[in-house]
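Could you build the full structure based on these sequences and the hints that come with them?
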Amino acid sequence: MDKLVELIGKNGLIFGFVVIGFVFIIGDILSKTVFRSKIPGSAVSIFLGLVLGYLGGLWTDGEKGISDLSLFAGVGILGGSMFRDFTIVATALGANLELIRKAGWLGLVSLLIGIILFFILGVSIAFAWGIRDAASLCTIGAGACTYIVGPITGAAVGASSEVIALSIAIGVVKTIAVTIFTPIAANKIGLFSPESAMAFGGIMGTSSGVAAGLAATDPKLVPYGAVTATFYTGVGCLLCPSLFYLILTFFF
Amino acid sequence: MTIYGVALLALAFILGQWVGLLLGDWLGIQANVGGVGFAMIFLMLGKEWLVQKNQMSPEMTGGIAFWSKMYIPVVIAMAASLNVKSAVSSGSLALIAGIIPVLAGFLIFPWIMKKFHPRHHG
Numbered sequence: 001m002d003k004l005v006e007l008i009g010k011n012g013l014i015f016g017f018v019v020i021g022f023v024f025i026i027g028d029i030l031s032k033t034v035f036r037s038k039i040p041g042s043a044v045s046i047f048l049g050l051v052l053g054y055l056g057g058l059w060t061d062g063e064k065g066i067s068d069l070s071l072f073a074g075v076g077i078l079g080g081s082m083f084r085d086f087t088i089v090a091t092a093l094g095a096n097l098e099l100i101r102k103a104g105w106l107g108l109v110s111l112l113i114g115i116i117l118f119f120i121l122g123v124s125i126a127f128a129w130g131i132r133d134a135a136s137l138c139t140i141g142a143g144a145c146t147y148i149v150g151p152i153t154g155a156a157v158g159a160s161s162e163v164i165a166l167s168i169a170i171g172v173v174k175t176i177a178v179t180i181f182t183p184i185a186a187n188k189i190g191l192f193s194p195e196s197a198m199a200f201g202g203i204m205g206t207s208s209g210v211a212a213g214l215a216a217t218d219p220k221l222v223p224y225g226a227v228t229a230t231f232y233t234g235v236g237c238l239l240c241p242s243l244f245y246l247i248l249t250f251f252f
Numbered sequence: 253m254t255i256y257g258v259a260l261l262a263l264a265f266i267l268g269q270w271v272g273l274l275l276g277d278w279l280g281i282q283a284n285v286g287g288v289g290f291a292m293i294f295l296m297l298g299k300e301w302l303v304q305k306n307q308m309s310p311e312m313t314g315g316i317a318f319w320s321k322m323y324i325p326v327v328i329a330m331a332a333s334l335n336v337k338s339a340v341s342s343g344s345l346a347l348i349a350g351i352i353p354v355l356a357g358f359l360i361f362p363w364i365m366k367k368f369h370p371r372h373h374g
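If you're matching them up, the sequences are chains A and B in order. This note's numbering applies: residue 1 is where the first sequence begins, and numbers increase by one. This note's numbering applies: residue 253 is where the second sequence begins, and numbers increase by one.
Any given hint might turn out to be false.
Computed cross-link-like contacts, SDA-like style, restricted to lysine to any residue with a CA-CA straight-line distance of at most 20 Å [as the list claims (entries may be wrong)]:
| no. | chain 1 | residue 1 | chain 2 | residue 2 |
| --- | --- | --- | --- | --- |
| 1 | B | 321 | A | 195 |
| 2 | B | 366 | A | 190 |
| 3 | B | 321 | A | 22 |
| 4 | B | 366 | A | 194 |
| 5 | A | 32 | A | 48 |
| 6 | B | 366 | A | 108 |
| 7 | A | 38 | A | 218 |
| 8 | B | 321 | A | 61 |
| 9 | B | 367 | A | 192 |
| 10 | A | 188 | B | 367 |
| 11 | B | 366 | A | 193 |
| 12 | B | 305 | B | 256 |
| 13 | B | 367 | A | 194 |
| 14 | B | 366 | A | 112 |
| 15 | A | 188 | A | 220 |
| 16 | B | 367 | A | 195 |
| 17 | B | 367 | A | 109 |
| 18 | B | 321 | A | 14 |
| 19 | A | 38 | B | 314 |
| 20 | B | 321 | A | 25 |
| 21 | B | 321 | A | 71 |
| 22 | B | 321 | A | 24 |
| 23 | B | 321 | A | 17 |
| 24 | B | 367 | A | 112 |
Pulled a few chain B residues facing chain A out of the computed Cβ check, cut under 10 Å [said to hold, decoys possible]:
| no. | residue |
| --- | --- |
| 25 | 253 |
| 26 | 255 |
| 27 | 265 |
| 28 | 269 |
| 29 | 323 |
| 30 | 327 |
| 31 | 345 |
| 32 | 368 |
Hints in this document: simulated from the structure, not taken from any laboratory. Quick caveat: nothing in here was measured; it's all calculated off a predicted structure. Glycine included, C-beta positions come from ideal geometry on N, C-alpha and C.
Take a look at the structure:
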């Protein structure tokens, strides 16, 4: 057993893959059984990740969640900024330029309106909660965009680990809300054509939420929603820590 | 070759992050500004350029696709490495800030379709 612990210590990142794979299996099973596939496995798994982060903080009193336990240090490497940014950049592969040209004006408008709407509401709600510093407000507003924009913005503007964790939690709640509400609201808001799916992806942004929500509405719409949603995180990462942060610093 | 795809992704990543750092410097923020967004744009332009030159093989695409599929697992690892304990104290904020803007998005959606896509119902 000592040998195994030593081996894991030397190969932390590799063990991190095992740990996350295990978390994903549990998330998938919970998704299929407890939530009857109403909440996607990825969303459940992200919540399980947050639970692990909570337990890590509880057991070690550290600031880096489960990765403060030496056995799970590799999870911290896998979830660190290098892999995080690298894999997010890779998702741009899913964006087909030809489809985007077709979405064109409508996609761009809905993308910008979506990001601005979510950011402003996120900042306003955080303000109502008594948060007053620009970095925290900006990170929470970005978290209301997606759970990727939140931590990237938080890291860029120097927000605290607590606020960054909060912004991820907000983004995950958003993903679940979009997943659940999309099939319920689809008829009422006129979400049935490829064009409307592109606009919807632009407004809601959260790729996994949009993809899961559209899949439950009409699987044919999924790629159209995903093609604009893919841009949401990139544009959000571009705007939130730069322009939006600068605007916030005028007020706070 | 799979490595060509990974290398293209890595090159776009480095260049994008570099532009982000330069922009941050230029704006006077001690931070990387939009490096990920720039990297995504570089990757798409690079991919498009290679596709037009017929140099983008399925294996090469696979080298990028693997990493794009790893992003949710990485987000799980990231979630597990955060200071969640402290964030939980503001739990109601997470719920409100996560749900209210989504409801607003559903309300504004029909208006955007009508306003910016008038042919939609025709």
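Evaluation of the provided hints:
1. As the CA atoms of residue 321 (chain B) and residue 195 (chain A) are separated by approximately 26 Å, the hinted pair breaks the 20 Å bound.
2. Of the supplied pair hints, the one linking residue 366 (chain B) and residue 190 (chain A) holds, its CA atoms being roughly 10 Å apart against a limit of 20 Å.
3. For the hint linking residue 321 (chain B) to residue 22 (chain A), the alpha-carbon distance of about 16 Å falls within 20 Å, and the restraint holds.
4. Restraint check for residue 366 (chain B) and residue 194 (chain A): satisfied, since their Cα atoms lie roughly 15 Å apart, inside the 20 Å limit.
5. Between residue 32 (chain A) and residue 48 (chain A) the CA atoms are separated by roughly 15 Å; this keeps the pair inside 20 Å, and the hint holds.
6. For a cut-off of 20 Å, the pair hint linking residue 366 (chain B) to residue 108 (chain A) stands: about 15 Å separates their Cα positions.
7. Proximity of residue 38 (chain A) to residue 218 (chain A) is assessed by CA-CA distance (about 15 Å); at most 20 Å being required, the pair is judged to hold.
8. Restraint check: the Cα-Cα separation between residue 321 (chain B) and residue 61 (chain A) comes to about 32 Å, which exceeds 20 Å; the hinted pair is violated.
9. With a C-alpha separation of about 17 Å, the suggested pair residue 367 (chain B) and residue 192 (chain A) falls inside the 20 Å cut-off, and the hint holds.
10. Pair hint residue 188 (chain A) plus residue 367 (chain B) holds up; C-alpha atoms about 17 Å apart against a cutoff of 20 Å.
11. Distance check on the hinted pair: residue 366 (chain B) and residue 193 (chain A) sit about 13 Å apart at the alpha-carbon level, within 20 Å; holds.
12. A threshold of 20 Å between alpha carbons decides the hint, and for residue 305 (chain B) with residue 256 (chain B) the separation of about 15 Å falls inside it, so the pair holds.
13. Distance restraint check for residue 367 (chain B) and residue 194 (chain A): the Cα-Cα separation of roughly 17 Å lies within the 20 Å cut-off, and the hinted pair is therefore satisfied.
14. In summary, the hint linking residue 366 (chain B) to residue 112 (chain A) is supported, as the alpha carbons are separated by about 16 Å, within the 20 Å threshold.
15. Proposed proximity of residue 188 (chain A) and residue 220 (chain A) is supported: the alpha carbons are some 19 Å apart, at most 20 Å.
16. For the hint linking residue 367 (chain B) to residue 195 (chain A), the alpha-carbon distance of about 13 Å falls within 20 Å, and the restraint holds.
17. With a CA separation close to 10 Å, the supplied pair residue 367 (chain B) and residue 109 (chain A) stays within the 20 Å bound.
18. This hinted pair checks out: residue 321 (chain B) and residue 14 (chain A) have alpha carbons roughly 17 Å apart, not beyond 20 Å.
19. Between the alpha carbons of residue 38 (chain A) and residue 314 (chain B) the distance comes to roughly 30 Å, so the proposed pair goes past 20 Å and is violated.
20. Distance restraint check for residue 321 (chain B) and residue 25 (chain A): the Cα-Cα separation of roughly 16 Å lies within the 20 Å cut-off, and the hinted pair is therefore satisfied.
21. As the CA atoms of residue 321 (chain B) and residue 71 (chain A) are separated by approximately 25 Å, the hinted pair breaks the 20 Å bound.
22. In summary, the hint linking residue 321 (chain B) to residue 24 (chain A) is supported, as the alpha carbons are separated by about 13 Å, within the 20 Å threshold.
23. The suggested pairing of residue 321 (chain B) with residue 17 (chain A) holds, with an alpha-carbon distance near 13 Å, which does not exceed 20 Å.
24. For a cut-off of 20 Å, the pair hint linking residue 367 (chain B) to residue 112 (chain A) stands: about 14 Å separates their Cα positions.
25. At a threshold of 10 Å, the smallest CB-CB gap from residue 253 (chain B) to chain A is about 16 Å, leaving the interface hint violated.
26. Evaluation of the residue 255 (chain B) hint against chain A yields a violated restraint, the C-beta minimum of about 14 Å exceeding 10 Å.
27. The interface hint given for residue 265 (chain B) is met, as the beta carbon of that residue sits about 5 Å from the closest beta carbon of chain A, less than 10 Å.
28. Interface restraint check for residue 269 (chain B): the shortest CB-CB distance to chain A comes to about 7 Å, inside 10 Å, so the restraint holds.
29. Evaluation of the residue 323 (chain B) hint against chain A yields a held restraint, the C-beta minimum of about 4 Å falling below 10 Å.
30. With a least beta-carbon distance of about 6 Å to chain A, the hint placing residue 327 (chain B) at the interface is held under the 10 Å criterion.
31. At a threshold of 10 Å, the smallest CB-CB gap from residue 345 (chain B) to chain A is about 5 Å, leaving the interface hint in force.
32. For residue 368 (chain B), the interface hint holds, since its Cβ comes within 10 Å of a Cβ in chain A; the closest pair sits about 5 Å apart.
Hint compliance for this structure: hints 1, 8, 19, 21, 25 and 26 are broken, all remaining hints hold.
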